[in-house]
Amino acid sequence: MNEKLERIVNEIYEELNGGRIPKVELKSRNKGNIIFDPRTSVWRYGEETVKRYASRASSAKSILKMLYIIDFIDEMEKGSKTSTLREMYYISEGWKLGKFESQDESDMMVEDLEVMTTLLREEMRLRPEESGASVIGNITLTEINRKGEKKKINCRDDVGDAGYTIPYNVEKEKIEFVSEDVDFVLAIETGGMFDRLVENRFDERMRSLLVHTKGQPSRSTKRFLNRLNKELGLPVVVFTDGDPWSFRIFASIAYGAIKTAHISDILATPTSEFIGITASDILRYDLPTDKLNERDVEALHAELEDPRFNVPFWKGEIETMLKIGKKAEQQALAKYGLDFVTDSYLPEKLSEIGIL
Amino acid sequence: MKSFEPTRKEVSISEFFDKNRQMLGFDSPQKALFMAVKEAVDNSLDACSDMGILPEITVRVSEEGKDIFKVYVEDNGPGIPRNEVEESFGKMLYGSRFFEERQTRGQQGLGISAAILYAQKTTGVPAEIVTKTEGDITAYRFVLEIDVKRNSPNTLSVEPVIWDVKSGLKITITLKGRYTTGRQSIEEYLRETALANPHSTFHIHLPDKDIEIARSVEDPPPIPISVKPHPHGIDLGDLISIVRESSEKPLETILEQRFSRVTKQVAKSIVEKSGLSGKDVKKMSRDDFDRLLKVIRETEFMEPRKDCLSPIGSDALFRSAIATFKDYHPAYFSQPVTRGPFVYSGHPFLIEAIAIYGGDLPKEEPIKVLRFANRFPLLYQQGSCAITRAISSINWNQYGFSQPVKDQLPVGPLILAVHVASTKVPFTSEAKEAIAQVDEIMDALDTALKAVARQIKTMKRKEAHKNQVEEKFSLIEQILPEIAAKSSKILGKEVPDIRPVISKVMNVVAFREINGELWVENFTGRQQSFRVLLRGEKEFSQDVKDLKPFQKMKLNFQREAVISSEVYVDLPEPILLGAYSLPKVFENE
Numbered sequence: 001m002n003e004k005l006e007r008i009v010n011e012i013y014e015e016l017n018g019g020r021i022p023k024v025e026l027k028s029r030n031k032g033n034i035i036f037d038p039r040t041s042v043w044r045y046g047e048e049t050v051k052r053y054a055s056r057a058s059s060a061k062s063i064l065k066m067l068y069i070i071d072f073i074d075e076m077e078k079g080s081k082t083s084t085l086r087e088m089y090y091i092s093e094g095w096k097l098g099k100f101e102s103q104d105e106s107d108m109m110v111e112d113l114e115v116m117t118t119l120l121r122e123e124m125r126l127r128p129e130e131s132g133a134s135v136i137g138n139i140t141l142t143e144i145n146r147k148g149e150k151k152k153i154n155c156r157d158d159v160g161d162a163g164y165t166i167p168y169n170v171e172k173e174k175i176e177f178v179s180e181d182v183d184f185v186l187a188i189e190t191g192g193m194f195d196r197l198v199e200n201r202f203d204e205r206m207r208s209l210l211v212h213t214k215g216q217p218s219r220s221t222k223r224f225l226n227r228l229n230k231e232l233g234l235p236v237v238v239f240t241d242g243d244p245w246s247f248r249i250f251a252s253i254a255y256g257a258i259k260t261a262h263i264s265d266i267l268a269t270p271t272s273e274f275i276g277i278t279a280s281d282i283l284r285y286d287l288p289t290d291k292l293n294e295r296d297v298e299a300l301h302a303e304l305e306d307p308r309f310n311v312p313f314w315k316g317e318i319e320t321m322l323k324i325g326k327k328a329e330q331q332a333l334a335k336y337g338l339d340f341v342t343d344s345y346l347p348e349k350l351s352e353i354g355i356l
Numbered sequence: 001m002k003s004f005e006p007t008r009k010e011v012s013i014s015e016f017f018d019k020n021r022q023m024l025g026f027d028s029p030q031k032a033l034f035m036a037v038k039e040a041v042d043n044s045l046d047a048c049s050d051m052g053i054l055p056e057i058t059v060r061v062s063e064e065g066k067d068i069f070k071v072y073v074e075d076n077g078p079g080i081p082r083n084e085v086e087e088s089f090g091k092m093l094y095g096s097r098f099f100e101e102r103q104t105r106g107q108q109g110l111g112i113s114a115a116i117l118y119a120q121k122t123t124g125v126p127a128e129i130v131t132k133t134e135g136d137i138t139a140y141r142f143v144l145e146i147d148v149k150r151n152s153p154n155t156l157s158v159e160p161v162i163w164d165v166k167s168g169l170k171i172t173i174t175l176k177g178r179y180t181t182g183r184q185s186i187e188e189y190l191r192e193t194a195l196a197n198p199h200s201t202f203h204i205h206l207p208d209k210d211i212e213i214a215r216s217v218e219d220p221p222p223i224p225i226s227v228k229p230h231p232h233g234i235d236l237g238d239l240i241s242i243v244r245e246s247s248e249k250p251l252e253t254i255l256e257q258r259f260s261r262v263t264k265q266v267a268k269s270i271v272e273k274s275g276l277s278g279k280d281v282k283k284m285s286r287d288d289f290d291r292l293l294k295v296i297r298e299t300e301f302m303e304p305r306k307d308c309l310s311p312i313g314s315d316a317l318f319r320s321a322i323a324t325f326k327d328y329h330p331a332y333f334s335q336p337v338t339r340g341p342f343v344y345s346g347h348p349f350l351i352e353a354i355a356i357y358g359g360d361l362p363k364e365e366p367i368k369v370l371r372f373a374n375r376f377p378l379l380y381q382q383g384s385c386a387i388t389r390a391i392s393s394i395n396w397n398q399y400g401f402s403q404p405v406k407d408q409l410p411v412g413p414l415i416l417a418v419h420v421a422s423t424k425v426p427f428t429s430e431a432k433e434a435i436a437q438v439d440e441i442m443d444a445l446d447t448a449l450k451a452v453a454r455q456i457k458t459m460k461r462k463e464a465h466k467n468q469v470e471e472k473f474s475l476i477e478q479i480l481p482e483i484a485a486k487s488s489k490i491l492g493k494e495v496p497d498i499r500p501v502i503s504k505v506m507n508v509v510a511f512r513e514i515n516g517e518l519w520v521e522n523f524t525g526r527q528q529s530f531r532v533l534l535r536g537e538k539e540f541s542q543d544v545k546d547l548k549p550f551q552k553m554k555l556n557f558q559r560e561a562v563i564s565s566e567v568y569v570d571l572p573e574p575i576l577l578g579a580y581s582l583p584k585v586f587e588n589e
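Heads up: the sequence lines are chains P and X, in that order.
Take the first sequence: its letters are residues 1 to 356, numbered as in my numbering.
Take the second sequence: its letters are residues 1 to 589, numbered as in my numbering.
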C-alpha cells in the first residue's frame, strides 16, 4: 500500500481508537487561498488549511468517501489495474454511504487526495477520460506498453500522419526521452491547423515538434510540454485562434489553472510564448474576422482582471481586441493561400520572438 | 330549477333536458360520462347511509365502441322495492319536493334519470336495473326507458333473476361519452369520494386501470335524522308551498306543525303580527305571504337542531387521509379540525378540515384543495367556491408558504381537504359545483383553516428540527461506524470502540420521534434530569429523572400529541437536540 495514503487512513484510525474526533486536514481550496506567484509565474496554494472534522455529518461523509477511494486504489494496486475517473464514479454506486452524488464530486475528492499526498492521480491509478495530444516531429522516446515492454518510438518516422498520441500517464516511469533533433515545440490549438503544418512539413523545415492540444489541453498534454521544456530545454510556443478563449489556453499552458494549483510546478510552462493569432495580427494581416459576442466581451474584461494577463503585452492585445470588436480563427490565414502560414506568417512571427 | 317549475307540465322532458344540459351537468361527452358514474355512486352511498349499511360499491366503466361507454354500478344497499323502481328512476318527472331538512348528497331528484335519458338519447340503449330488497326471494331485472312523449318512465321488461346477496342494486347505463384521466376525472371523483366516505369499500374498474379502495373505518356514520325546516331557512316559494299543502288547517297550526322551533304561542303571535288572524289559508294572497315571511324573519326562534348533521368525524377523516395519500409519503397529516355546528339562515352547518403536508407532493405548484359538500366531492368551479376563497384570503406567508399573488392559492407541498356539512349547503348554482360565500360559513371556514395552518407551521418547524436530528443520528449510527469499519479493514486492524467519539460528537440529550413515539437518549456523558413539555394545541409534560449516559427511553406521550406538538425541555440549548430550551423548572434533588 502506498505510504502516503496509508498515513491518512492510519491517522483517522488512531483518532477513533483514542476517543478523539477524526479529521482530515488539507490546504484550503478556496479561491482566496490560491495565489498567483509572480516569482515563478504560476498559481500556487497559500498557507491556509482547512480541517474537516467527523463531528459534522457532511464532513464525516467526505472522510468516509475518501476511505472508500483509498481502499479502491489499494485493491487496484493488488490487481495491477487502473481505472478512469468515470469508472470509479460508477463503481462508487456500490459504496453505500460513500456513494458520490456526481462525478464532479468524485473528481474533486481525487484532487483533494492529490493536494493532501502530493501524489498525482496517475500515481493513484486513476486517469481521465480524454486522450492526450498528438505529436509529430523528430524526437525519439520510449514508452512502456501494456505488455510491460519498453517500446522505442520516433515521433516523425515511426508514426502516421496523425502522429504519436501521448498516453494519460507521461511520467518518467512510463515515458523517457531518448534523443531529439528539434529547436522548439509548437503547441497548436486546432486540428485543421495541425494538419496543415504536418502536410506542409513544417516540422522538418523548421526543426520543430508539433503538438496538437485539441482545444484546452489535458493534464497529460501540459505535463508533456512541461517535461519537454524542463528536461530537454526546448522553448514552447503556443499557436491558437485569436479570441479570448484561446488566450486562456495559452494561460493554462503557461501558468497553470486554479483547479490544479497544487501541481502547477509540474504542469505549467511559464516560459512559453504566445505567437498568435493576436489582435494586432488581425489588423496587420487584415484577417477575415467574426464579431465579438457578449460572452467574448465579458471574457476579455475578466482577463483584464486576471493576474496571469497582467503584463503590457496582454493588456495591449486585450484592449485592442475590445476596441476592434473582432476575433479571428487560425485558419483565417488561408486567405493568402495554403502555404502562407508556413512560408510567411510563422517564420515572421518566430523571428520576432527570437526563436528563429 | 325555479325557471322551469311553473311550466314543467307543458314542456316535453326531452326539450327540457336539451335546454338544461349544462345545469344538469351533461354539457360535454367527458362530463356526461363523469356525471353518469357520479349520479349512480351518489345514489348508492345515500341508499346505504339511510339504512346504516357499510357500503361496498363496484364501479365498472368499459368502452363498448367508439365513444360508447357502459357504466355499471353495483351496491350492497337496501335495494328498491319492485313497485317503486319506475318512480325512483323517473323521479325527475314527479319532482315532488319533500319539506324536510336532512343532510343528503343533494340529489335534485333528477340526477340518475337525467343520466338514463342522456344515454337513451345518445345510444338508444335502455337502462338495466337489478334490484333486490331484504324481503325478496329473488332479484328483479328491469329494462327501463323514459317515454319522452308521455314524460314518464316506461318499463320494457321485468324478470326475476338469481342474485345471491341480502339486498342491493345494480344499474347499467350505456351512453356516449369520453373517458379522461387526471383532473376532474372519474378516478379523481371516486378517490375523493372514498376519502370523504371512509366507511366505504370501492372496487373500481376503469378502461385504463383497476383500483381497490378498502374502507378505513368499520363503523357506519350515524343515520342522518330528518328535521322540519327552521323558519329562518325558508324562502317565499317554500312558504307558499308548505302552507298550501295543508290548507285545510288554520295558519297557526300549520306553522307550529310544519316548522321546527315554532311553539303554539310563537305561531299565534306571528299570525297576529301579520294581520292574518282568522284568515282562510286558501284565500291568502301573495301580499299576505310577503307579510307573513317578513314577520317570520323578524321573529327570534331557538336555533335549529344541530344533531341532524353527519360529519365525517375526526378519527375517520384522519385514517382516511392516511389511506388515501400514503403513496405521496407525506411528512405530516394534521389533526383534523372541526368547527361548528353553527347556523346560517336557519340551516345548521359544520366545517371539517385536514391538511396533508410534504413528502412527494409538488413543491412549486399551488396547493391542492379538495372540496366536499355533504361528503361528496366538488370537482368543478373551484375558483368561485367559498372554500377556495376562504383559503385564498388567508395570509399564508405567516404560515411559511409563499403566496405569489395576494388572494390566490399559496404555493407548496400541501393538500387541504375541507368538508362543509349542512342540511342545506348553499350552492352557487343548481349544478351544485361550488359553495356560495355566505358570511357565517366564510367565518367558520376561516377559523378552521387557520387552525389547520397553525398545525402546519408547527410541523414545518418540527421538520427543520427533525432533519437536524436525523442527520446527527445518521452520523453516529451509520457514518462513524462505517469509518471505523473501513479504516480498520484497510489497515487490517481491529475495529475500535467508537462510543467515546460518539459521546464527544453528540454531547447532547437527543429527542427523536420514531413513528409517533418520542424517544430520549442521553449522550452527555453524565446523568441528566429534566422536564419534557409538549406544546401543540394542548400541553403535556413528563419528568425524567437520572437518565444515565447512553441510556435511552421512550416517553409516555400519546401519538397524536407527539405528532402535532413541539418539544420543550428545561435544559440549556447547547446540550439539546430535537427540542427547544425552556427555563429551568425542575431542580435536581
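Incorrect hints may have been included.
Said to hold, decoys possible - Which chain X residues face chain P? A few, computed with CB under 7 Å, are given here:
{"#": "1", "residue": "Lys70"}
{"#": "2", "residue": "Lys176"}
{"#": "3", "residue": "Leu361"}
{"#": "4", "residue": "Glu365"}
{"#": "5", "residue": "Gln478"}
{"#": "6", "residue": "Ala484"}
{"#": "7", "residue": "Leu491"}
{"#": "8", "residue": "Ile498"}
{"#": "9", "residue": "Val501"}
{"#": "10", "residue": "Ile502"}
Please keep in mind that the hints were generated in silico from the structure rather than gathered at the bench.
Note that the Cβ used here is the ideal one computed from N, Cα and C, for glycine as well.
Evaluated hints:
1. Lys70: With a minimum Cβ separation of about 50 Å from chain P (threshold 7 Å), the hint on Lys70(X) is violated.
2. Lys176: 53 Å, violated
3. Leu361: With a closest approach of 24 Å, the Leu361(X) hint is violated.
4. Glu365: Glu365(X) check fails; min Cβ-Cβ to chain P is 26 Å, beyond 7 Å.
5. Gln478: Interface hint status for Gln478(X): holds (6 Å vs cutoff 7 Å).
6. Ala484: Since chain P brings a Cβ to about 5 Å from Ala484(X), closer than 7 Å, the hint holds.
7. Leu491: 6 Å, holds
8. Ile498: 6 Å, holds
9. Val501: 6 Å, holds
10. Ile502: Cβ of Ile502(X) sits 10 Å from chain P, so the hint is violated.
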